[in-house]
Amino acid sequence: MTDIRRLTLGFAAFALVATQGLGAATATGSLSATVTVSAMAKLTLSSATVTFPNADPDSSPSIAAAEGPVTITAKGKTSTGATISLTLVAADDLLSGSDRIPISNITWTASGAGFAAGTMSRAVAQTVASWTNSGNRTGTQSFALANSWSYAAGNYTTTAQYTLTAP
Amino acid sequence: MHLMTLPRLHRAVLALAACALGLMFAPEAAAQPTLRLTIVPATITFAAADPDTTPSIAAPNVTVSYRVRNNVTGNWLISLLASGDLTAGAATIPITNVTWTASPTPPFQAGTLSRTLAQTLASGSGNVQNTTTGTVVFRLANSWTYNVGTYSTSVVFTLTAP
Chain R
89 MTDIRRLTLG FAAFALVATQ GLGAATATGS LSATVTVSAM AKLTLSSATV TFPNADPDSS
149 PSIAAAEGPV TITAKGKTST GATISLTLVA ADDLLSGSDR IPISNITWTA SGAGFAAGTM
209 SRAVAQTVAS WTNSGNRTGT QSFALANSWS YAAGNYTTTA QYTLTAP
Chain E
2 MHLMTLPRLH RAVLALAACA LGLMFAPEAA AQPTLRLTIV PATITFAAAD PDTTPSIAAP
62 NVTVSYRVRN NVTGNWLISL LASGDLTAGA ATIPITNVTW TASPTPPFQA GTLSRTLAQT
122 LASGSGNVQN TTTGTVVFRL ANSWTYNVGT YSTSVVFTLT AP
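Here the protein sequences come in this chain order: R and E. Following the numbering used here, the numbering of the first sequence begins with 89 at its first residue and continues without gaps. Following the numbering used here, the numbering of the second sequence begins with 2 at its first residue and continues without gaps.
No lab work stands behind these hints, which were simulated from the structure alone. There's no promise every hint is true.
[To be verified] So the derived list for chain E, only partly shown, Cβ under 7 Å to chain R, looks like this: (1) Leu-38; (2) Thr-46; (3) Ser-104; (4) Asn-148; (5) Tyr-152; (6) Ser-153; (7) Ser-155; (8) Thr-161.
[Unchecked claim] Cβ pair distances, simulated, as ranges: (9) R:Ser-148 x E:Gly-90: 31 to 41 Å; (10) R:Asp-180 x E:Thr-100: 35 to 45 Å; (11) R:Ser-148 x E:Thr-54: 51 to 61 Å; (12) R:Leu-133 x E:Arg-116: 17 to 27 Å; (13) R:Thr-197 x E:Pro-61: 46 to 56 Å; (14) R:Thr-253 x E:Gly-90: 16 to 26 Å; (15) E:Thr-151 x R:Ser-218: 17 to 27 Å.
Remember, it's a predicted structure, so these values are computed and weren't measured experimentally. Ideal Cβ positions, reconstructed from N, Cα and C, are used throughout, including at glycine.
Based on the sequences and whatever the hints tell you, model everything.
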């Protein structure tokens, strides 16, 4: 039995050495990487003011804003499947002292993916653009005022607020 | 003839012959490279950032320590392979959006992570008798298109010598 063990050990040593002689030596390490993406929204307007010049209602039934189209860049990060929305609401009607032009007389057309045409409201925020998932969108909004002989002379003003929401 | 039927002397001679045969290969055992590789820290985090102001998010430095012995004539290589894209539930960020810079160059080199093909981080030849370190800085290309979430993946560093 003693001799058999010696013989077995001899072959075992050979097998071990032969195995080490084959293939490359390797050493490994691991690194875990984590990325945190948080909800975020950013809105840029090309103009902070739009002006509707005086015009003859017969020849200009619709008055385009003197500044031309407003270019809007909206960027947002949201959860997968969620909707990012850009809305617009007026603070009030167009006012000139006690005179008033209903804000619903202002409408807009739009260009750009995700942007939509609409009518201004002082009661309910109107959707200007919307899309699903994170991303950025660029579009234009062209405002127009429905002209009328019924408007009293005056300088009318109001403000409107854009809200970009990335839930 | 059964082994048990051999005379004791013959069996002893066979055992010695087997050992001698093993010793003939012993020099190859001595030539087998001895490798050591350490990665610190084990986890890196890319912080949330505005893509407009931070288009590339840098993670904290990673220190790679390595040593190569018994590798007189061969080349050695440190490679990187991602286990997959960065994932957060069903949302993914392609792992190719992660690049790295490294120093010193050489032996280290810059690259882009892949989940399919191991990418070379460092390479050289011969021995590196003393433990040597390199610094790797991973960067994520930031984008407004990433959905909200906490994404993760792992990267395997492999030091290989023939």
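For the hint on Ser-155 of chain E, does the least C-beta distance to chain R fall short of 7 Å?
Nearest chain R Cβ about 5 Å off; hint holds.
Thr-161 of chain E as chain R interface residue, shortest Cβ-Cβ below 7 Å
holds, 5 Å
Could you see if the CB distance from Thr-197 of chain R to Pro-61 of chain E stays within 46 to 56 Å?
Between Thr-197 of chain R and Pro-61 of chain E, where Cβ atoms are some 50 Å apart, the hint holds.
Mind checking the CB of Thr-46 of chain E against every CB in chain R and telling me if the closest is under 7 Å?
Holds: closest Cβ of chain R sits about 5 Å from Thr-46 of chain E, inside 7 Å.
Is it true that Leu-133 of chain R and Arg-116 of chain E lie within 17 to 27 Å of each other by Cβ?
violated, 41 Å
Would you check whether Tyr-152 of chain E satisfies its interface hint, that is, whether its CB is within less than 7 Å of any CB in chain R?
With a closest approach of 4 Å, the Tyr-152 of chain E hint holds.
Chain R contact restraint on Leu-38 of chain E - CB to CB distance below 7 Å:
holds, 4 Å
Could you see if the CB distance from Thr-253 of chain R to Gly-90 of chain E stays within 16 to 26 Å?
holds, 22 Å
Per-residue hint verdict: Ser-153 of chain E, partner chain R, C-beta under 7 Å:
At 5 Å from the nearest chain R Cβ, Ser-153 of chain E passes the 7 Å test, so the hint holds.
Are Asn-148 of chain E and chain R close enough, Cβ to Cβ, to be under 7 Å, as the hint says?
Because about 4 Å separates Asn-148 of chain E from the closest Cβ in chain R, which is inside the 7 Å limit, the hint holds.
With a cut-off of 7 Å, does the beta carbon of Ser-104 of chain E approach a beta carbon of chain R closely enough for the hint to hold?
violated, 17 Å
Taking 51 to 61 Å as the stated bounds, is the beta-carbon spacing between Ser-148 of chain R and Thr-54 of chain E within them?
Check failed, 44 Å falls outside 51 to 61 Å.
Checked against the numbered hints given earlier, this structure breaks hints 3, 9, 10, 11 and 12; the rest are met.
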